[in-house]
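There are 2 protein chains.
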Amino acid sequence: MRVKAGNIASNLRQISSYIKIASQAGCQGIVFPEMCVSGYFLGDRWESGDWLAEIHAAHNEILKMSRQLWIVFGSLAVMPNQRNEDGRPQKINAAFVAHNEKWICHESTKCPFFPKVLSPNYRVFDDSRHFTDLRKMMPHQTADELCVGLGSVKLADVSFGLSICEDLWEENYTCKPTQMLASQHKLVFNLSCSPYSDAKDLKRLQLLKDSAQQNQTTICYLNSVGTQNVGKTVLGIDGQSTIMDPSGEVICEGGFFDEELLMIDWNNETSTAASAGSVLVKKSESGAFGRSKFGAIENTLRFLCEEWRVKSCLIGLSGGIDSALSAVLFSRILGPNCVNLINMPSKFNSKLTQEIAQTLALNLNCHYEQIGIQNAVDFTIQQLKSSKLSQLPGFQLNSWVMENIQARDRSSRILASVAAATQSVFPCNANKTETTVGYSTLYGDQSGFLCPLADLWKFEIYEMAQLYNDAVFGSEIVPKSCMTVVPSAELSELQDVTKGLGDPLHYPYHDKLFRSWTERWDRWTPLSVLSAYAAGTLEKDIDLTSGLIAKLFPNAASFVADLDGWWSLYTGMAAVKRMQAPPVLSVSRRSFGWDHREALGIQGTGPLYEELKRKILSV
Amino acid sequence: MRVKAGNIASNLRQISSYIKIASQAGCQGIVFPEMCVSGYFLGDRWESGDWLAEIHAAHNEILKMSRQLWIVFGSLAVMPNQRNEDGRPQKINAAFVAHNEKWICHESTKCPFFPKVLSPNYRVFDDSRHFTDLRKMMPHQTADELCVGLGSVKLADVSFGLSICEDLWEENYTCKPTQMLASQHKLVFNLSCSPYSDAKDLKRLQLLKDSAQQNQTTICYLNSVGTQNVGKTVLGIDGQSTIMDPSGEVICEGGFFDEELLMIDWNNETSTAASAGSVLVKKSESGAFGRSKFGAIENTLRFLCEEWRVKSCLIGLSGGIDSALSAVLFSRILGPNCVNLINMPSKFNSKLTQEIAQTLALNLNCHYEQIGIQNAVDFTIQQLKSSKLSQLPGFQLNSWVMENIQARDRSSRILASVAAATQSVFPCNANKTETTVGYSTLYGDQSGFLCPLADLWKFEIYEMAQLYNDAVFGSEIVPKSCMTVVPSAELSELQDVTKGLGDPLHYPYHDKLFRSWTERWDRWTPLSVLSAYAAGTLEKDIDLTSGLIAKLFPNAASFVADLDGWWSLYTGMAAVKRMQAPPVLSVSRRSFGWDHREALGIQGTGPLYEELKRKILSV
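The listed protein sequences derive, respectively, from chains A and B. Under the working numbering, residues 1 to 619 are what the first sequence spells out, in order. Under the working numbering, residues 1 to 619 are what the second sequence spells out, in order.
FYI, nobody ran anything at the bench for these hints, they're computed from the structure. Some clues are possibly wrong.
One copy or any two copies: either way a pair holds, since identical chains are not told apart in the list.
As the list claims (entries may be wrong) - Below, a list of computed lysine-lysine pairs in the DSSO-like style, where the Cα atoms sit at most 27 angstroms apart: (1) 615 <-> 64; (2) 385 <-> 347; (3) 64 <-> 613; (4) 176 <-> 136; (5) 136 <-> 110; (6) 551 <-> 499; (7) 209 <-> 551.
All chains should be modelled from the sequences, with the hints used to inform the complete structure.
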């Protein structure tokens with residue numbers, strides 16, 4: 001089911017329409033995913049009693065529809081007389097079972113709902129902030145006691161087990177609800193609202209398979225579809241609901257980011273296999289990228305533009321690969337007529353990149369024009385020079401100041417105004433590599449309504465652009481020269497691409513280095529990097545081409561200087577910039593934003609690292 | 001103790017120096033606050049094994065100092081072979097007790113540290129994300145079982161109970177660690193890292209008093225001092241460590257935001273009273289504002305400028321009260337020589353406000369000049385008009401677009417460049433009222449390095465400015481005209497202050513309305529507001545002047561239109577702007593940033609509200 005966060009009326013209509021379809025198809029029951037009434041990622045909206053009342057009222061609407069068939073759905077339960085640990089009414093992420101206009105009660109709590117047992121508190125998840133899980137509801141029970149009648153539902157003609165999202169990901173918990181349920185039932189549902197992240201679907205399939213096979217149980221995994229966000233991080237909820245039979249075979253599968261109604265013909269309680277499932281409502285096929293990161297970006301962005309009513313888009317096209325990919329992406333989603341491309345040269349922009357921009361725009365069939373910034377930049381510099389402040393000691397219009405003036409002139413003066421005048425948005429085209437170390441200008445290229453590409457390393461930006469050419473267009477829509485030109489901000493003579501000059505980042509190295517700081521489950525700091533460097537294992541450890549380190553860094557001092565410099569930016573100015581950056585579309589195992597919480601001004605190295613550095617540099 | 005987040009080396013030096021002082025004074029032991037080795041608010045830095053190793057190494061340094069006296073301190077314990085629920089090594093927010101170079105062990109866990117029992121997961125706190133508390137370490141124990149030997153420390157000549165921060169705020173938990181400890185010990189320490197928020201100190205004193213009196217116990221509350229942040233929210237840690245005797249009297253108290261070493265002469269275990277405490281190390285007095293919100297802002301900002309190495313500041317001075325207060329605040333902290341004030345008029349800025357700005361600058365003795373924006377704005381508009389895009393249907397340079405062009409020209413073109421050229425920062429001067437509904441321009445007046453005033457409602461901005469005049473300066477440094485001029489953005493003819501025109505906000509009403517949406521523990525939405533309006537209790541409920549509603553809104557339709565409009569901005573564009581706003585200095589019971597988590601595009605009303613509205617509007 002497509003769930004729209006915060007839109008109860010729309011979700012109720014959707015639930016009601018599926019109930020009708022299922023009822024007409026003669027189904028005995030229907031199951032909806034986790035938090036399908038209100039949405040799941042709602043920030044602190046849960047702290048409002050008004051909001052809880054709205055949700056409660058919606059439940060009563062659903063109850064009325066349960067005469068023809070039983071209805072299972074995930075939503076929020078409230079225990080108004082019990083306190084959560086924050087002193088607010090106790091709220092429970094729960095599954096509800098409505099049958100003949102009555103709620104079915106949970107065996108051990110006697111509550112008219114089935115509480116989630118495990119609470120995720122990592123990445124973007126804040127369950128313990130809002131919800132009381134079954135473990136906290138019954139704090140004096142042992143795991144075994146908790147599991148008695150855990151999520152067991154017995155109706156007249158069917159019985160099954162119910163678990164919710166994290167209850168499936170039980171590996172690191174002392175209590176294992178889904179294993180327990182699978183051992184007690186021949187049919188288990190897991191209701192989820194689980195965001196896409198790279199390779200997560202493989203792990204999920206394995207978990208389902210293990211539980212199904214070990215217990216000879218049919219497991220139905222239901223995931224919602226859509227986009228929800230935690231403010232600074234935009235998530236794609238990728239569907240892929242799965243019915244797995246006791247042998248571990250997938251007998252029916254929902255599409256990737258596709259809302260579908262799957263049906264199974266469940267024989268009876270003692271049956272060892274459900275008959276093959278079928279699809280009652282089937283929407284579209286997944287796009288050209290399949291179920292990959294890139295496919296997730298396209299799908300999430302499509303949902304987002306729909307929900308945020310983004311109808312047209314303005315892109316500053318530099319001739320580099322990042323804005324080129326952004327232009328391709330938005331023209332695929334909004335249509336070329338709704339994407340306006342502008343190139344904003346200063347005196348430092350080469351003919352080469354201007355030609356690339358123009359060619360790409362022509363290939364995409366989007367509106368294109370140049371709006372120059374040199375006059376305005378000159379005016380600003382003149383105005384600064386003639387101010388009284390310029391006579392104060394310390395006043396410096398150095399190259400760094402001049403570069404940032406150009407970047408801000410483009411975004412804040414031109415893009416923001418043109419976007420407003422054309423009722424458009426403009427995206428921030430930053431990739432993850434730049435975002436890690438803040439190689440960007442605040443209120444300049446760091447601005448926009450969204451960072452659709454900031455969860456892709458530079459090498460993945462090239463990969464996705466190449467895939468568009470190869471698998472989608474079948475031609476060089478993104479010009480070859482755009483793939484080969486040296487990446488450069490073109491903000492000074494020292495970044496002249498025609499002389500092969502460009503960014504201070506060596507992407508084949510820094511992509512992987514920065515990934516070790518951000519995406520490893522056990523995050524690396526310079527302490528691990530330098531240890532691996534000293535041990536000669538760094539290239540292997542972070543997946544570099546053999547020999548690269550020696551090629552880039554003639555000695556330990558140059559290696560350490562590079563490492564310290566980028567780390568200091570990553571934890572320093574880059575974190576400051578990220579706080580003011582647009583939301584990031586998340587597809588990796590760790591994206592910037594609220595998926596990657598950070599404090600400002602925290603170096604995160606210490607005496608051990610300083611000692612190791614002294615040792616290595618004194619050799 | 002002043003704790004610097006993420007700076008282990010500095011914290012170790014500080015700990016060591018206090019140990020020396022205490023030792024020289026003949027103390028038998030010394031106690032430091034929660035997480036004093038690494039800092040507490042570190043984002044996800046805890047996910048790095050390297051960081052854990054750095055902390056562990058620091059513990060060994062402290063252990064070596066425990067020959068002369070016993071040392072209690074709060075820091076992070078790691079159980080490398082136990083998993084946290086996120087699969088990472090189990091980490092525990094704990095108290096350590098070092099004595100004769102040995103760690104004292106916890107009775108029931110047998111671990112060489114004393115785990116925090118309760119985990120806060122509200123406001124800015126994310127304890128469950130990172131830390132395993134005692135309840136999760138021993139999931140199969142009842143609350144009573146947990147409390148056996150909870151935090152009991154028995155040394156050769158003294159015994160005491162140890163609790164950590166939230167363990168004191170036990171009201172809504174089933175397990176009550178501090179009560180339990182107070183009933184078992186005559187001396188209890190609570191180690192905290194507790195951020196300032198309005199009136200929290202009163203509640204804290206009451207809690208301490210209750211525990212002390214009920215159990216006839218001496219309670220020592222230790223809070224660290226400094227500023228820490230969670231990225232989007234900057235916190236002041238306000239010290240105010242307190243020693244309370246069994247009668248509930250404060251016998252010794254640390255300063256407000258002041259690092260002090262308090263000493264008590266503890267007679268013996270059976271003593272019913274500690275003798276009066278004394279202060280070994282006393283720093284400064286708290287400022288002119290006392291222990292208020294305003295004092296917290298001054299103190300936190302002072303610490304922040306020190307830690308972030310902010311030495312000079314540039315402020316865009318409009319003549320309005322917000323930027324005026326900002327100028328006063330920074331000139332107090334950095335000194336008038338280090339604050340540069342610029343006024344940036346367009347053709348819409350009145351002589352009146354320009355004169356106010358100049359007078360204030362003169363009064364403060366800061367550098368002042370005007371740098372106009374009209375030429376640049378005209379140039380931008382001309383450039384937009386001559387673009388090909390301007391001929392597309394839908395292109396509109398309406399007043400709203402023109403207003404934002406002015407705001408961005410000031411901040412992104414002038415302030416950002418001048419600040420960079422003078423190695424300064426510039427603050428965002430937004431107040432909480434504007435921030436709630438996004439009455440600001442992104443990359444315009446919404447930009448800056450910090451929002452020092454965004455946790456004060458408009459009426460509090462006036463209050464603080466008036467207090468500066470009355471209690472600090474004893475003269476009208478902030479000109480009276482600045483207090484009386486109508487608040488206005490002066491971005492169009494419709495905002496002409498000389499005609500009494502200004503902001504669309506009626507502050508005496510909207511300040512209180514918005515406060516009901518954000519600061520109530522049970523947050524209001526339009527459902528509660530409209531219900532109270534219909535019941536005639538709104539003025540009383542949200543603390544309005546009697547008769548104000550009828551004066552502002554002739555009928556229900558106008559009331560609802562205003563309510564819907566601002567709510568829609570609050571949950572819509574304002575949330576989008578807050579995601580890209582600078583960090584907010586937090587002083588209220590609820591501040592924007594990570595203290596107020598929000599998803600984008602979540603209206604948060606529903607069918608109940610729509611129904612109520614229909615009913616009221618159809619009367």
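Outcome of the hint check:
1. For a Cα distance limit of 27 angstroms, the shortest separation of residue 615 from residue 64 across copies, 23 angstroms, qualifies, whereas the shortest one inside one copy, 73 angstroms, does not.
2. Taking the shortest alpha-carbon separations for residue 385 and residue 347, both the intra-copy value of 20 angstroms and the inter-copy value of 22 angstroms come in at or below 27 angstroms.
3. Taking identical chains as interchangeable, the C-alpha atoms of residue 64 and residue 613 lie at most 27 angstroms apart only when they sit on different chains, with a minimum of 24 angstroms there against 69 angstroms within one chain.
4. With identical chains, the CA atoms of residue 176 and residue 136 are at most 27 angstroms apart both within one copy (15 angstroms) and between copies (15 angstroms).
5. Taking identical chains as interchangeable, the C-alpha atoms of residue 136 and residue 110 lie at most 27 angstroms apart whether they share a chain (15 angstroms) or sit on different chains (25 angstroms).
6. When the C-alpha separation of residue 551 and residue 499 is checked against a cutoff of 27 angstroms, the pair qualifies only within one copy, where the shortest distance is 21 angstroms, while the shortest distance between copies is 70 angstroms.
7. In this homomeric assembly, residue 209 and residue 551 never come within 27 angstroms of each other (Cα to Cα): the closest approach is 46 angstroms inside a single copy and 67 angstroms across copies.
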